[in-house]
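For the record, the sequence lines run as chains B and C. For the first sequence, the positions run 3 to 632 when the numbering used here is used. For the second sequence, the positions run 3 to 632 when the numbering used here is used.
Hints in this document: simulated from the structure, not taken from any laboratory. Please note that the accuracy of each hint is not assured.
Since the list can't tell identical chains apart, any single copy or any two copies may satisfy a pair.
[To be verified] List time: in silico BS3-like cross-link candidates among lysine-lysine, alpha-carbon distance up to 30 Å:
1) Lys223 - Lys477
2) Lys596 - Lys564
3) Lys398 - Lys373
4) Lys14 - Lys336
5) Lys630 - Lys596
6) Lys600 - Lys615
7) Lys477 - Lys51
8) Lys564 - Lys600
9) Lys23 - Lys135
10) Lys54 - Lys163
11) Lys477 - Lys14
12) Lys314 - Lys373
13) Lys477 - Lys214
14) Lys615 - Lys585
15) Lys54 - Lys125
16) Lys229 - Lys477
17) Lys600 - Lys33
18) Lys596 - Lys33
19) Lys33 - Lys593
20) Lys373 - Lys300
21) Lys588 - Lys615
22) Lys615 - Lys593
23) Lys51 - Lys593
24) Lys236 - Lys223
25) Lys51 - Lys244
26) Lys314 - Lys147
2 protein chains.
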Amino acid sequence: MTELSRGGYTGKILRVNLTDKTTSIDEQDEKFYRRYFGGTALIGYYLLKELKPGIDPLGPDNKLIFTSGVITGTPCAGSGRSGVGSKSPLTNGWGDSQAGGFWPAELKRAGWDAIIIEGKSDKPVYLWINDDKVEFRDASHLWGKATLEAEQQIQTELDDKRVRVAQIGPAGENLVRFASICNDITHAYGRNGHGAVMGSKMLRAIAVRGHKGLPLANPEKVREVAKWLVDNYKTLSEGLTKHGTSGGVAMLNEASILPTRNFQEGQFDGYNDIAGPTMTDTILVGRDNCYACPIDCKREVEVGAPYNVNRKYGGPEYETIASLGSLCGVNDLKAVAKGNEICNAQGMDTIAAGNCIAFAMECFERGILTKEDTDGVELKFGNAEAMMLMLEKITKREGLGNLLAEGTKRAAEQIGHGASEYAMQIKGQELPMHEPRGKVALGIGYAISPTGADHVHNMHDSMFAVEGPPLEGLKALGIQEPLSPLDLSPAKVRMFKYVVDWRHFQNCAVICGFPPFSYEQISDLVNGATGWNTSVWELMKVGERALALARAFNAREGYTAKDDILPERFYQSFSSGPLMDEKLGKEDMQKAIKTYYKMAGWDPELAVPTAEKLEELDIAWVTEELEKSA
Amino acid sequence: MTELSRGGYTGKILRVNLTDKTTSIDEQDEKFYRRYFGGTALIGYYLLKELKPGIDPLGPDNKLIFTSGVITGTPCAGSGRSGVGSKSPLTNGWGDSQAGGFWPAELKRAGWDAIIIEGKSDKPVYLWINDDKVEFRDASHLWGKATLEAEQQIQTELDDKRVRVAQIGPAGENLVRFASICNDITHAYGRNGHGAVMGSKMLRAIAVRGHKGLPLANPEKVREVAKWLVDNYKTLSEGLTKHGTSGGVAMLNEASILPTRNFQEGQFDGYNDIAGPTMTDTILVGRDNCYACPIDCKREVEVGAPYNVNRKYGGPEYETIASLGSLCGVNDLKAVAKGNEICNAQGMDTIAAGNCIAFAMECFERGILTKEDTDGVELKFGNAEAMMLMLEKITKREGLGNLLAEGTKRAAEQIGHGASEYAMQIKGQELPMHEPRGKVALGIGYAISPTGADHVHNMHDSMFAVEGPPLEGLKALGIQEPLSPLDLSPAKVRMFKYVVDWRHFQNCAVICGFPPFSYEQISDLVNGATGWNTSVWELMKVGERALALARAFNAREGYTAKDDILPERFYQSFSSGPLMDEKLGKEDMQKAIKTYYKMAGWDPELAVPTAEKLEELDIAWVTEELEKSA
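Chain B on its own, in the form it takes in the complex:
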């Protein structure tokens, strides 16, 4: 089956219909892969072509797409990721999310670039993909089980410990709107609630085993890029290896951009208790990685009674540290680690979960929610017990947890009494742990991201750092000077546009942003894998195209420029800290967003690419799709 001439992509997409339990194969050619690559752009192609506007995200008409990119599975750090996309039950619009681990490369080794899940099973099932063989298997016995237990059960019954599993947990089964899907237990497609979509389809897991080699057009070229990283990561990524993604907590706190107490503050007095170095010195028992990556940014922690945290559920990353920690005013690292375990075991996005709890805490402190609403829980900032308890309640949809399982936007609407003011969400998705008041370009990203608030498509070190390798690297895109993190000038919008197009490309590739490759190295890697003669130009345009497709999807669902807004809180100054005297101007932000539209060739009202821009992006067919929005 391996087609050597096609380089690092197989050109085969598996279609799975859960309603009638059938499968089929889509085969696409080089033109398709150069245009849509994989990840976000491939998702955009299929969702726009195949979903009707207005469908229920949790109904059988939604489709769930797992997709690697053309370099996924190459023996090079960063290439072990996949993307997942569907219409999001959080936003009723575009949803895509990425995760690493080992499942993506395994899928590639089984010969598949992507899986499109359609329809809905009438009982719990899981998929068993063994190279070309695809089996629908009963999952009734897995339903309700924690992810670790379910994975072990699957590996046991398939009698192969090397089977890789992507799955939902009970939160996904219970249609928690921010339920996640996880690869290999600890690598979560966290954002946008794809776990609920998978749950609505009664699909518990996708087990994969591949035995095919991945054809590389120019293995030497791939090895060269891979080797560079191996030779340099110890210096360049030292902090990431040592303390994981939360190594920078102290720095963020100092700069007043550590989201604290539901974004009311940017500094957390207990920051040091939850910082990466503290974790390293206390509960860390191991480091983990993704396929082919030596950086080992993933954590393994162990905590004894009463928390009893199992290292097999990994350890909290920065997003989790902040969302379950500072955002909830919690400085108990062990409780945060337990919260992380709960989310991984139950299959739930730690970012949204933390936001929901922090939102509820603020409502409680302001008297909008009372003990009556919380089943007697003293739901105050800093209450670690309450945080862990609420996580359990959300996954089980118990009491207030049932309301919070809908996400902050819907919960606030039901609560009323001005609660929406404290729901830190955009388009229905909760904010990640990055403070736009201290890196203002990210505010544009939050506002325009088709996923709702999201940092994976939108954030870049250059938005905060004013010197160092990320800035040096940006010269290759023609960005020659660092700009203040507080700068919202058109020059900043330009920088934002370039890095965001690249970030979108990374999510098409689907490559990790952590290995510090240059733009040219990624281009070399693509060439090595595929035998194409690509350039950074072509890759940047893939990213821009991906964003265009996603925006078009949202436009068809009724989203316009009016929805590209930030929560009002971000236009309020902090009451203390170094940013106290800085104010993010609402008009400045609105102006920057309008400038972005014009720079990007978007219609200023509809906030989607004009017909000419769609032509320029080689996706003229989207113009027709946009007409369906009316």
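Based on the hints, put chain C in the right spot on chain B.
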């Protein structure tokens, strides 16, 4: 003086004031060179900053800029060119033109990236640049002399045969509006009339001798690119070496795109008499090259009495073969060779000169001009004697020649009687020898080019070829499919936009388009020369920026979208030949141009980049310059 750390650019620009005979030095940093590179973009920077709108192109306020690029003079084929820019006496707008030869690399070896000529001398002078030493020397004894004689005289009096000379001839002295400047006799900056600008300043020549090494940041990388060409040109550029640029005359004729009898036809019955292979078999006595280039596309021809063509004046290139040949209905190759010699000796653009004569011939045949106007010359198509005679008359501004020396636009306005219909010019500049009816995207290029009708910034093989290496190469820019030469769809506009941005980059680099390097190889060459970490993205944006600067210059001079038009003739069908049943639709063309504006982020009425696009191109300062146009 050599600054090794700066790679293949010295960062030194020589300013020469002819009025008071002073010189000074501009030093620019890496940021400047990455933004403006050299060539067209560098010219744009200085002309926009330093010329006031409305100045007389032939007055002392005009400036004449000679500029190499950051890779000029590297030991790699294609890197032996320079650009020249000034306000054009043909268009009263933007003017820039490129030429190869050996003078550009010599200037670089003398330590200069560019020369800005200001003011006006009160008597003929020439400049003598010997590394850092710059001397103003009397040129009274050279005034009126043919270029070969003048060059030999300069080399003799400077006592150095290796002195390289860029100069005008008598046509420039006489302010023929399409006078050229030539490097090393045979390499002409032909378009836009810079020779007249130089003549108006009484500057006959710039003699240069350099003794400095060119610092290369990574010589190995440069050598690798250079070696690839040396290893492959015999196969890839075989036709160009063998027959020069006119090797394709038969193919063009067959496709009905050989401009004939003032663009009335696309096929010429005498095509074979003037084709490259005929030249090779008859009058060719040698092949010549530019600095560091093995391709040898330049010709040397020799013709005996009565023509007496001296091989030191080279031989006709395709543009000359067509403009003095088929365009004038002349199938006498020896006469064309003589015409070429006259133009090189007198310093005159062969394209414009041929157009002027063809225009006059059509007027004569239509009775708009009579023998009274022509001093008795039977100025009919096919009259080779008349063609040669008129060239002489133009350079001397004698009789009808004095009128034609103004260019077809001004001549037609003076002639009246509907003569303008037969003036094949855009914005005042005559059309090159490429037929937009058979490669329609070029029509957009002619219309939007800030230089007026021009092929050096606008043409690309992909506009005509539907397969082969140029198309394969374009995949690196995301252009995956060839399009019919007659296609004017938005997809074609997209292809046009990408190749035109790249063509503009080539004229910033200032690199020749003939060596078949890939986009990545050029990026490697730039990195090797400079030590930057550039990408094709950054280089494409340099090209787009260059075009934006030039359009802004024109807008300030009053040009708007209304001026982006083609001569009406191109909307008429040919009366015979394979394109007979094809018609270039005027509305289709207007629509394509509008599509281009939108794709490029240009204001649809002013036809210049919007403020946001200027920001995106990192030249926000231009917005302010545009306000000066009112």
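**Request:** Since the copies are identical, ignore which copy is meant and state whether Lys314 and Lys147 lie within 30 Å (CA to CA) inside a copy, between copies, both or neither.
**Result:** Classified as within; 15 Å inside a copy, 89 Å across copies.
**Prompt:** Checking Lys14 and Lys336: alpha-carbon separation at most 30 Å within a copy, between copies, both or neither?
**Reply:** neither (44 Å within a copy, 62 Å between copies)
**Item:** Up to 30 Å CA-CA - Lys600 versus Lys564, copy category
**Value:** Both, since 16 Å and 24 Å are each at most 30 Å.
**Message:** As a check of your reading, is Lys223 near Lys477 (CA-CA no more than 30 Å) within one copy, between copies, both or neither?
**Reply:** Close inside one copy (24 Å) and across copies (19 Å); limit 30 Å.
**Request:** Up to 30 Å between alpha-carbons, please classify Lys51 paired with Lys244: within, between, both or neither.
**Result:** neither (44 Å within a copy, 52 Å between copies)
**Prompt:** From the Cα coordinates, with 30 Å as the cut-off, is the pair Lys596 and Lys33 best called within, between, both, or neither?
**Reply:** Classified as between: cross-chain Cα gap 28 Å, same-chain 33 Å, threshold 30 Å.
**Asked** Is it within, between, both or neither when you check Lys229 against Lys477 at 30 Å Cα-Cα?
**Response** The answer is both: 24 Å in one copy and 28 Å across copies each meet 30 Å.
**Asked** Using 30 Å as the alpha-carbon threshold, which applies to Lys615 and Lys585: within, between, both, or neither?
**Response** between (34 Å within a copy, 28 Å between copies)
**Request:** Tell me, please, which holds for Lys54 and Lys163 at an alpha-carbon limit of 30 Å: within, between, both or neither?
**Result:** neither (40 Å within a copy, 76 Å between copies)
**Asked** When no copy is specified for Lys33 and Lys593, does a C-alpha distance of 30 Å or less occur within a copy, between copies, both, or neither?
**Response** between (38 Å within a copy, 28 Å between copies)
**Message:** At most 30 Å between alpha carbons: which applies to Lys477 and Lys14, within, between, both or neither?
**Reply:** between (37 Å within a copy, 22 Å between copies)
**Prompt:** Under a CA distance limit of 30 Å, which applies to Lys398 and Lys373: within one copy, between copies, both, or neither?
**Reply:** within (19 Å within a copy, 101 Å between copies)
The structure is inconsistent with the numbered hints 4, 10, 12, 20 and 25, although it conforms to all the rest.
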